[in-house]
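**Student:** So the chains spell out like this:
There are 2 protein chains.
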Amino acid sequence: MIQNLKFNEKGLVPAIVQDADNGEVLMLGYMNEESLRRTLSSGEVWFYSRSRKELWHKGETSGNRLMVTELWQDCDRDTILAKARPLGPVCHTGNRTCFFEQLTKGDLK
Amino acid sequence: MIQNLKFNEKGLVPAIVQDADNGEVLMLGYMNEESLRRTLSSGEVWFYSRSRKELWHKGETSGNRLMVTELWQDCDRDTILAKARPLGPVCHTGNRTCFFEQLTKGDLK
Numbered sequence: 001m002i003q004n005l006k007f008n009e010k011g012l013v014p015a016i017v018q019d020a021d022n023g024e025v026l027m028l029g030y031m032n033e034e035s036l037r038r039t040l041s042s043g044e045v046w047f048y049s050r051s052r053k054e055l056w057h058k059g060e061t062s063g064n065r066l067m068v069t070e071l072w073q074d075c076d077r078d079t080i081l082a083k084a085r086p087l088g089p090v091c092h093t094g095n096r097t098c099f100f101e102q103l104t105k106g107d108l109k
Numbered sequence: 001m002i003q004n005l006k007f008n009e010k011g012l013v014p015a016i017v018q019d020a021d022n023g024e025v026l027m028l029g030y031m032n033e034e035s036l037r038r039t040l041s042s043g044e045v046w047f048y049s050r051s052r053k054e055l056w057h058k059g060e061t062s063g064n065r066l067m068v069t070e071l072w073q074d075c076d077r078d079t080i081l082a083k084a085r086p087l088g089p090v091c092h093t094g095n096r097t098c099f100f101e102q103l104t105k106g107d108l109k
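Same order as they appear, the protein sequences are chains B and E.
Take 1 as the starting number for the first sequence in the numbering used here and just add one per residue.
Take 1 as the starting number for the second sequence in the numbering used here and just add one per residue.
Just so you know, the hints here were simulated from the structure itself, not pulled from any lab data.
Be careful, since some hints might not be right.
Stated by the list, open to error - Result set (DSBU-like, lysine-lysine): computed pairs, CA atoms no more than 35 Å apart in a straight line:
{"id": "1", "chain 1": "B", "residue 1": "LYS6", "chain 2": "E", "residue 2": "LYS10"}
{"id": "2", "chain 1": "B", "residue 1": "LYS10", "chain 2": "E", "residue 2": "LYS10"}
{"id": "3", "chain 1": "B", "residue 1": "LYS83", "chain 2": "B", "residue 2": "LYS10"}
Just chain B, with the same shape it has in the complex (with noise of 0.2 Å):
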């Protein structure tokens, strides 16, 4: 099945992560295929880290570890929707969620 997600020209999908409690979207990061298995078989999130060009155990150093609760792909396989609990913000700022600053029709100009 994970060989049938279409990875995009750099090997990686995105991923969504979703608070399994309260549905809050908390982030989106991208996997490839190695980080993906490492998710389903740990249970925690893994992504892959674009800037650092390596493997992300999201949460590692922090502590603030994602425990997947469900996996989802979506109906073109190119995108995954990762229900999970987080043990603290997500969010390097410090935030509950990486999604805090709010677009409005002012942003126009």
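Mind docking chain E on chain B? Use the hints.
**Tutor:** Structure of chain E alone, referenced to chain B:
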């Protein structure tokens, strides 16, 4: 503000669509600057279709448009989260969400 978004080398950012009422993650699409402008000004979700290489007013044909309630950018300014009320099934398969296929440890084989 829009100019500060980090569009990728193709001029796109991924945009997560979440049901504004029940929190369900519905789909992930891609926006270029113009589709983001149209989304903000019209209050309905516009994407950029990577396959058709054109602006894509989601639901224009099917009628299943996405009425935006809130738009957020993430901490890195390279991902959008659109909270929206869908006027019908979001997925081209007729499913309410594009994420209807679960991945489990069995998919590791």
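**Student:** For LYS10 of chain B and LYS10 of chain E, compute the direct alpha-carbon distance and say whether it is at most 35 Å.
**Tutor:** holds (13 Å)
**Student:** For the pair supplied as a hint, LYS83 of chain B and LYS10 of chain B, is the alpha-carbon distance within the 35 Å limit?
**Tutor:** At roughly 24 Å apart (the allowed maximum being 35 Å), LYS10 of chain B and LYS83 of chain B satisfy the hint.
**Student:** Is LYS6 of chain B close enough to LYS10 of chain E, meaning Cα to Cα at most 35 Å?
**Tutor:** holds (18 Å)
Going through the hint list in order, the structure satisfies each hint without exception.
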